[in-house]
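Protein chains in written order, with the numbering used here: chain U, 1 to 583; chain F, 1001 to 1347; chain X, 2001 to 2273; chain V, 3001 to 3160.
The reader is advised that the hints may include incorrect statements.
Said to hold, decoys possible - Reference listing, derived: stretches of chain F covered by chain X, where coverage requires no fewer than 3 residues with Cβ under 8 Å from a Cβ of chain X: (1) 1265-1273; (2) 1283-1296.
As the list claims (entries may be wrong) - Here are some chain F residues pointing at chain V (derived, C-beta under 10 Å): (3) L1046; (4) Q1048; (5) M1222; (6) Q1225; (7) Q1226; (8) V1228; (9) G1229; (10) G1230; (11) A1231; (12) M1233; (13) Y1260; (14) R1339; (15) G1341.
To be verified - With a Cα cut of at most 20 Å, we get these calculated SDA-like pairs of lysine to any residue: (16) F:K1329 <-> X:G2044; (17) V:K3003 <-> X:A2023; (18) V:K3118 <-> X:H2085; (19) U:K313 <-> F:R1313; (20) X:K2178 <-> V:P3122; (21) U:K24 <-> F:R1129; (22) V:K3003 <-> X:W2254; (23) U:K24 <-> F:P1220; (24) X:K2178 <-> F:D1197; (25) U:K24 <-> F:E1067; (26) U:K137 <-> X:T2045; (27) U:K137 <-> X:T2042; (28) V:K3003 <-> X:K2236; (29) V:K3003 <-> X:T2045; (30) V:K3118 <-> X:D2248; (31) U:K450 <-> F:G1342; (32) U:K24 <-> F:Y1070; (33) F:K1335 <-> U:E398; (34) X:K2178 <-> V:E3126; (35) F:K1323 <-> X:W2254; (36) V:K3003 <-> U:M50; (37) F:K1335 <-> U:M402; (38) V:K3003 <-> X:T2006; (39) X:K2236 <-> F:E1199; (40) F:K1323 <-> X:D2035.
Derived by calculation from the structure, the hints in this document are not laboratory data. C-beta atoms are modelled at their ideal positions from N, C-alpha and C, and glycine is treated no differently.
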Amino acid sequence: MATMEMRKDLFADERDDNLNVIGKGVQRQDMPGHVTARTRFFDDHAFDGMLHLKVVRSPHHHARIRAIDTSAAERAPGVKRVLRGADVPVNKNTLLSLINFGKDDEPSLAVSKVSYKGEPVVAILADSEAQALAACKLVRIDYDPLPAVFDVEETLKPGAPVVNETYPGNYFEYHERFDHQKLRFGDVERGFAGADIVMEHRYQMSPIEHAPTETNGSIAAPEQNGRYLVHSCAQGLFFALGTTAKIVDVESNQLHFIGGTVGGGFGGKVDSLTEPLAVLGAMLTGRPVRFVLDREEEMLYGSPRGAERIYIKDGLMRDGRIVARHIRSYFDAGAYTRLSSYAAIKCTAHVPGPYWIPNVASDIYVSYTNRCPSTAMRGFGVTAVDFALEVQMDRLAEAANMDPMELRILNAYRDGDMKPHRRAAKNTALVECVQVAAEKANWPLSEQAKRASSLIGGGAGERSQIPATQLDARGQIGRPDSRNGPVTQVLPAGTSRIAPSKQPVMEGARDGRATPTQVPRYEPQRPAAPPPPPAYQPAPPPYQPASSYSPPPAPPAPPPPVAPAQPQHGAVRFSSVFGTRRR
Amino acid sequence: MARHEGRGMASVNYPIGMNLGGDPSQALIHSNPDGKFTVALSAIDLGQGMKQVSRQIAAETLGVPIEDVYVDTADSDTGPHDMGSFASRGTHRMGNAIIVAAREARGVLLEAAAEELEVNAADLVTDGRGNIHVRGAPSRSITVKATAQAAQFKQGKTIAGRGIFLIPLSAVDAETGEMNPNTAFAHACLVADVCVDDETGEVEVLRMTSAYELGRVINPRMVEQQLVGGAWMGISHALYETPEPYYPNPEHGPRDFNEYLMPGPGDIAPYHVTVLERPAPDGPFGGKGPGEMCANPVLPAIANAVYNAVGVRVDELPITPEKILRGLKANGGVKPGPRRGGPVNWR
Amino acid sequence: MLDLRTCTSLSEAAGILSGDRQALLIGGGTLVMRDVNEGRLTEGTLVRVTDPAFRQMSTGGARIELGAGVTMAMVLANRELAFLHAAARAIGGPAVRTMATIGGNLFAAAPYGDFTVALLALDAQVVLQSGYGSGRAVPLEDFLSARERGGQGLVTAVQFARPQNPAEFHFRKISRVKPKGISLLSIATHLPLSGGRVAQPRVAYGAMAPTPIRARGVERALDGKPLDQSAIQAAKQAALEGCRPATDAIASEWYRREILPVHLGRLLAGEPR
Amino acid sequence: MAKLPLQFRLNGSDRATFVDPASNLLDTLRRGLGDFGPKYGCGQGTCGVCTVLVDGEPQLACLTLAVSCEGRQIETTSGMADGPNLHPLQDAFMDHFAAQCGFCTPGMLTAARALLAKNPQPSREEVVEAISGNICRCTGYEPIIAAILAAANAPGARRA
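Kindly produce the complete structure, drawing on both the sequences and the hints.
Put into structure tokens, the structure is as follows:
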């Protein structure tokens, strides 16, 4: 019931299809292991004398910890060690500290207060899972409940409970200046004033759980030479290694991470939820330690795709052109930052969607609330805003009394159009996707829409220009009163403040050439003898070019221009993008 | 009882790779003495197919059969640094690093073969089936295996390569949001046909039709896996999923796969995808990355189709039967929108 | 830590259960093992029964008796129980049905316990054994209302009369997920027709209260009436009598109340869900 | 608490071990006997990744009391291939690209194997029912259903 076809005729002159194995539906390297159950995931490793780690989690959304009594748990059968916050060498971290982004704000084990229901407070290491679970029940924690806040806008109001002391305003701090990330392009207010129709709507996405069939977990075991082997399900092996090295305070070469084969992630395995405590446990006990979330923990405390609330205000002309768009959005980070600060930047770059609009502004907030910290998920920073944008587009089509497909094609960005983040669009193909989907769905399009192209009309006139832009100082850190401030400055048309991106670095090739698309060419003349079958012969691929289109003869495409050699050899250093990092 | 059909669409683009750059990937490739290659990485395969994508890119660039390449990932003792598998960066970033490494290894391979054949390396080509021969003269050839043996035991050459791909980190302007976010974008448009029960608010997705532009398709079977599985996830996000069913009220969170709602194997909608390939100028063989975006257009397309069917806008995900039923009551009944097109052009 | 006692006779098990407050019967394991795995159950004794009587089925006659250890798969494999197949298939997937027992289903908290809804509409009796004495049969409805208090003894079997016309018995489970999802609600109806009129109907719901409940208002509305539009309308009017549905991860109380009459009406009218 | 002795046949071989009284079959297979074919996905009976055959019937190893398997025949995906020859279901899963991350695959194959052993020519609806207790988060189920339907038509598919 699912079928796929390839439209090789479209953009054929931009491709050289004379390739050997690229573009072929050959069998996956990992498939034989999957069907024979020989694929080894992190938990499929046996260790003698392995301990099992379970954590005691907060039953409160927000509470002060008055006392922790682990004495009964320490005496329980099979218990080998009990860990508390004081046992964690660096008990405060933020994931993106590895790229100098944001302040350390999250403990591995809570010490003086808990900021979400499910926050780990104590870890138990025991000979069996059952013993660890039984001992967890013996830990006595005396809590003093605090008022909690769950709404992304309520939490930004003066007087709201402080969720995260590192960010006392309950928002992530951008550039050490603002409580949100700004995007300003043109003059949206003038755009609205000149529009035939102005509409604003509110959209919301609830959190979403990654729900991989394999839960988060890891096994850490002492290796030789004071090193520790870690079987990990991390989506970023060195990300997990670096985070662990920082938290347990060891050099990175004392950790030997093995992973790469993960039972689904979707973004839910970038947070290093288990590795630091597993390694710490192995260090302190000298035994292998297994720390695996159970399904309920994964569902409720394994960090979801964060919720978002999005307001979109559009200025529309009766002919369907969008002339101004303002987006105000709130990411629900939960109690700690994790990766939400990055999602807001990605979202800012995505505004206003795949359309060219002359006046665009956005204000993207990251709000802290007393819920499980959220993290990346498939489509991070984009999925919710795409939902909002495209439902809004449906509303605009109705308001303009226009077909929704036609409205998309009319406003679609094309090659050469200036995006609000002040870089020209290239390699676009929205128009063609709309045309092909309409054709296959038997959704009629006007002749004009059928003739449209991503290659035509982009960058014409003002479409390639950076307009004069109104700036403001709204939303200064610690000054919610400044959120409705005036325009402070008009940036002249054409102004750019950020240096254009450097060419990609591809150091390593012996000739030093950075030419990714310059690949080996094959003799066009093939021997008559058929090639030997690959080890795993897939079923005949059902991909055929659409029959209604006869693909043009494929002339050998000229090789793309060779980029100049890049003299950079490891000279790139991370620099702070926003804010500061205080360790 | 009345069931109402409706149709909605959405079009989207998606950025490939970490937003501001600064996310390097490294690859190491070496041959054993029999001309079989190992690609050592720290990339992660979560099911998206990182190992096979890497293997195909390496085999293509080396010019050897796919069976002669094995991807070994991820071991931090042997695999060089990589940021990880997220942000649709695997194929684009790691693919490029592998190309760089494989080109270097190929260069040594051809030099070793040239020495054995007593020709100029620049005149040599590979046939992708384990042979190296003089351009235009297939009879003057040597196998990759014989070449590797000669390199190791006679010539003392390491047939190996190293590669890194890095888009340098960009800053972001505080006041304008100016930045260098991404270098490649994929595109999609999706049409959803739904049926809404006006007494229960239940939505059945009848079928979906989409077009995806993904740059060069490295492996069409794996692209199909991502797009079909991702569309299922899109339906799931649109109509079913959340760990906070009454958000922002945090109560009643699901604890298991019974309480966490996702479409079952009996809820699958027929789906047709057309794939377009506009190669990314800086992608590996023009490849982009379909892994993340494939759910995104489904959510708004279904929301718009529900509106077309019964006139209810549900602006808060997920679009549960309860929200639709409340909308129908608020609207005083069904208000269908215009019919859009006829039966789909596929079976 | 947990201990295990394997009992070869039902009376031995009943004796342990009445003498040890920390003893708990483990049947198919679908409820108890989950509590063990998740650490809710860490102390006490699991009591396992290997007595063949526990899994005995007597299905040939007018009076049916099913041992409490009979699994959903066993019900599905028995053609004489065809009228119960829809209810048995409503429990989990095939692997759960190999394990899940009729006795265990009697203890499943809302929104689980769909098979019990069918038994309630069949006016079933629960056979209970306390201590080493002999069993006593109590109406299922009484058993369910006392369930939370516990201490009723060991459930050894359920008994019910075979519907004279199996076509007059219906079960329907309403889920979000197909083919296997937990209940928004479930409905079982047994509507014997006599001279074209419904005679002594029994209607039961799942997930509309903490335990399966009888729909007495619906039963009254249908009793003695031909099953026509006006009777169905009256039944829908009375559908919510006695309902106390929960708000949970699947649906709100409001939604369950809204759709119960709709699905009841469709079932009574013979329409698809 | 003393451990209990336990013996059963696992994929055709006699195996013996000692278990805690309340141990489940999944831990026994994985950590007691080293068969990592069945996976841990939930411990709740809601995901199906630990599905094994006990005397030919599908059961969830995570909810199965280990001692209840005394003397019984346990079959897992690890023993599904006949030496180097894959089971037709395994071939069909490969042909249809019916796995992505591969974590649900052992349980899916076992659920499908239980179906075909009893019903060699299932309808699509019967296939859907057979895998209804098995969660797949990657594929959207479609290639899995197609693979099982294709395997049903292959020779030797009923091979247990």
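Notebook entry, point to check: Which of the listed hints are not met by the structure?
Noted result: Hints 2, 14, 15, 16, 22, 28, 30 and 40 contradicted; others consistent.
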